[in-house]
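Peer 1: Chain by chain, the residues run as shown.
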Amino acid sequence: MRTDDLIALLASDRLAEPPPSQGLPLRLALAVAVAAAGMVAVLGLRAGVAAAATVPLTLAKSVLPAVLAVLALAAALRVARAAAAGWRLWAVPAAAMLLLVAGLFQEPTAMWSDKASGNGTILTCLTAIPLIALLPLVALIAALRRGAAPFPARAGALAGMAAGGIAAAVYSLHCPEDSPLFYVPWYGLAILCVTAAGALAGSRFLRW
Amino acid sequence: MHGKAEDDWAVLMRAALAGDAAAYARFLRAVTPVLRGVVRARGAGLGEAACEDVVQEVLLAIHLKRGTWRPDEPIRPWLYAIARYKVVDAFRSRGRGGIDVPIEDFAETLPAAAGPDPTEARDVERMLGLLDPRTAGLLRGIGVEGESIAEAGRRLGMTEGAVRVALHRGLKRLAELRGRHVE
Numbered sequence: 001m002r003t004d005d006l007i008a009l010l011a012s013d014r015l016a017e018p019p020p021s022q023g024l025p026l027r028l029a030l031a032v033a034v035a036a037a038g039m040v041a042v043l044g045l046r047a048g049v050a051a052a053a054t055v056p057l058t059l060a061k062s063v064l065p066a067v068l069a070v071l072a073l074a075a076a077l078r079v080a081r082a083a084a085a086g087w088r089l090w091a092v093p094a095a096a097m098l099l100l101v102a103g104l105f106q107e108p109t110a111m112w113s114d115k116a117s118g119n120g121t122i123l124t125c126l127t128a129i130p131l132i133a134l135l136p137l138v139a140l141i142a143a144l145r146r147g148a149a150p151f152p153a154r155a156g157a158l159a160g161m162a163a164g165g166i167a168a169a170v171y172s173l174h175c176p177e178d179s180p181l182f183y184v185p186w187y188g189l190a191i192l193c194v195t196a197a198g199a200l201a202g203s204r205f206l207r208w
Numbered sequence: 001m002h003g004k005a006e007d008d009w010a011v012l013m014r015a016a017l018a019g020d021a022a023a024y025a026r027f028l029r030a031v032t033p034v035l036r037g038v039v040r041a042r043g044a045g046l047g048e049a050a051c052e053d054v055v056q057e058v059l060l061a062i063h064l065k066r067g068t069w070r071p072d073e074p075i076r077p078w079l080y081a082i083a084r085y086k087v088v089d090a091f092r093s094r095g096r097g098g099i100d101v102p103i104e105d106f107a108e109t110l111p112a113a114a115g116p117d118p119t120e121a122r123d124v125e126r127m128l129g130l131l132d133p134r135t136a137g138l139l140r141g142i143g144v145e146g147e148s149i150a151e152a153g154r155r156l157g158m159t160e161g162a163v164r165v166a167l168h169r170g171l172k173r174l175a176e177l178r179g180r181h182v183e
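If you're matching them up, the sequences are chains A and B in order. Counting in our numbering, the first sequence runs from 1 upward without gaps. Counting in our numbering, the second sequence runs from 1 upward without gaps.
Please keep in mind that the hints were generated in silico from the structure rather than gathered at the bench. Quick caveat, the model's predicted, so the values are computed rather than measured. Worth double-checking, as some hints may not be accurate.
Residues from chain A that keep clear of chain B, each with C-beta distances beyond 10 Å, as calculated [said to hold, decoys possible]:
#1 Met1
#2 Leu6
#3 Ile7
#4 Leu15
#5 Gly38
#6 Val42
#7 Pro56
#8 Ser62
#9 Ala80
#10 Leu104
#11 Asp114
#12 Ala142
#13 Gly147
#14 Pro176
#15 Leu192
#16 Phe205
Some but not every residue of chain A turned toward chain B, in silico, with C-beta under 10 Å [claimed, not checked]:
#17 Thr3
#18 Ala11
#19 Ala85
We treat Cβ as the ideally placed atom computed from N, Cα and C, and that holds for glycine.
Input sequences plus hints: build the corresponding full structure.
Peer 2: Given below as structure tokens:
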């Protein structure tokens with residue numbers, strides 16, 4: 001077939017694929033709702049959820065991952081349109097570092113390692129966050145498959161970061177550990193694991 | 001330098017997305033020599049026909065992914081990113097991995113006209129052979145014979161809506177097959 005013929009053929013096709021963002025809010029909300037309900041059913045909410053939200057450093061445990069999720073999601077949708085990811089995402093690790101410093105100032109030096117190892121919930125944290133992230137990650141990767149990411153692994157990593165952020169925000173409603181010395185490193189590690197899983201999924205499923 | 005062309009391409013593509021098939025064909029014809037120039041420059045030794053195969057593969061990708069361009073954004077960064085991914089991908093699947101295609105290529109390489117031969121590319125024909133005969137007949141009728149949607153529908157006993165859907169699915173399938181079957 002000559003190239004001119006192919007062009008004529010392409011021009012006859014009026015149907016366009018919907019962009020990744022189409023239909024995503026509903027599916028993602030559904031995935032998050034199911035994952036959150038699962039967490040509440042299995043782990044339950046922490047004692048005094050509402051009271052905890054009045055303490056800034058505790059509130060940050062929920063807000064920061066949520067902000068990360070929003071920014072990573074926006075960046076993922078941008079790279080899926082072959083646009084640049086942008087720099088805003090870097091504000092989150094910067095804020096996390098500030099929180100960590102605040103945590104260090106809040107606690108006497110002798111307490112640092114105690115606070116960082118918490119009350120025996122590290123394993124729960126590192127297991128629960130990736131599990132909660134699973135459904136949202138699937139919803140995101142499925143949506144991004146309709147996109148055109150020039151770097152599939154990168155798009156997948158951003159999807160993983162968004163799913164990890166969502167999961168950490170959800171898990172924070174259960175998590176009884178309120179020191180940044182605990183949640184910055186451990187939530188961070190859990191989110192990084194989901195990010196890596198997203199990168200793998202991206203290099204596999206987001207080629208086009 | 002590219003200011004005018006940028007406007008032209010964006011205007012054509014905006015019209016295309018609003019349903020203007022003629023503007024869309026003009027857009028694709030305007031983009032093709034640029035793609036061909038880059039593909040020939042980077043794929044020297046591949047041969048003219050294989051280069052044209054790659055060009056067609058990129059055109060197909062641009063077509064199927066055009067929904068990811070936002071009419072309020074410049075078109076060149078989008079177009080070049082799409083084209084670059086597909087060129088590298090096409091070279092890789094032809095055993096030419098590791099070829100670097102800088103994004104600047106698209107702005108700097110001289111556009112290339114089609115060769116003296118009617119630029120017959122082989123891959124699409126092969127992929128059409130892998131489609132079901134009805135869809136292949138539909139795509140050939142519209143592409144090669146220049147049938148309209150309505151004419152193709154009459155020939156195949158399909159409604160226009162059914163022809164449109166079959167055409168779109170056929171093109172998607174064609175792109176999938178290319179990803180898997182290029183040797």
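Peer 1: Does the structure break any of the earlier hints, and which numbers would those be?
Peer 2: 1, 2, 3, 4, 9, 13, 19
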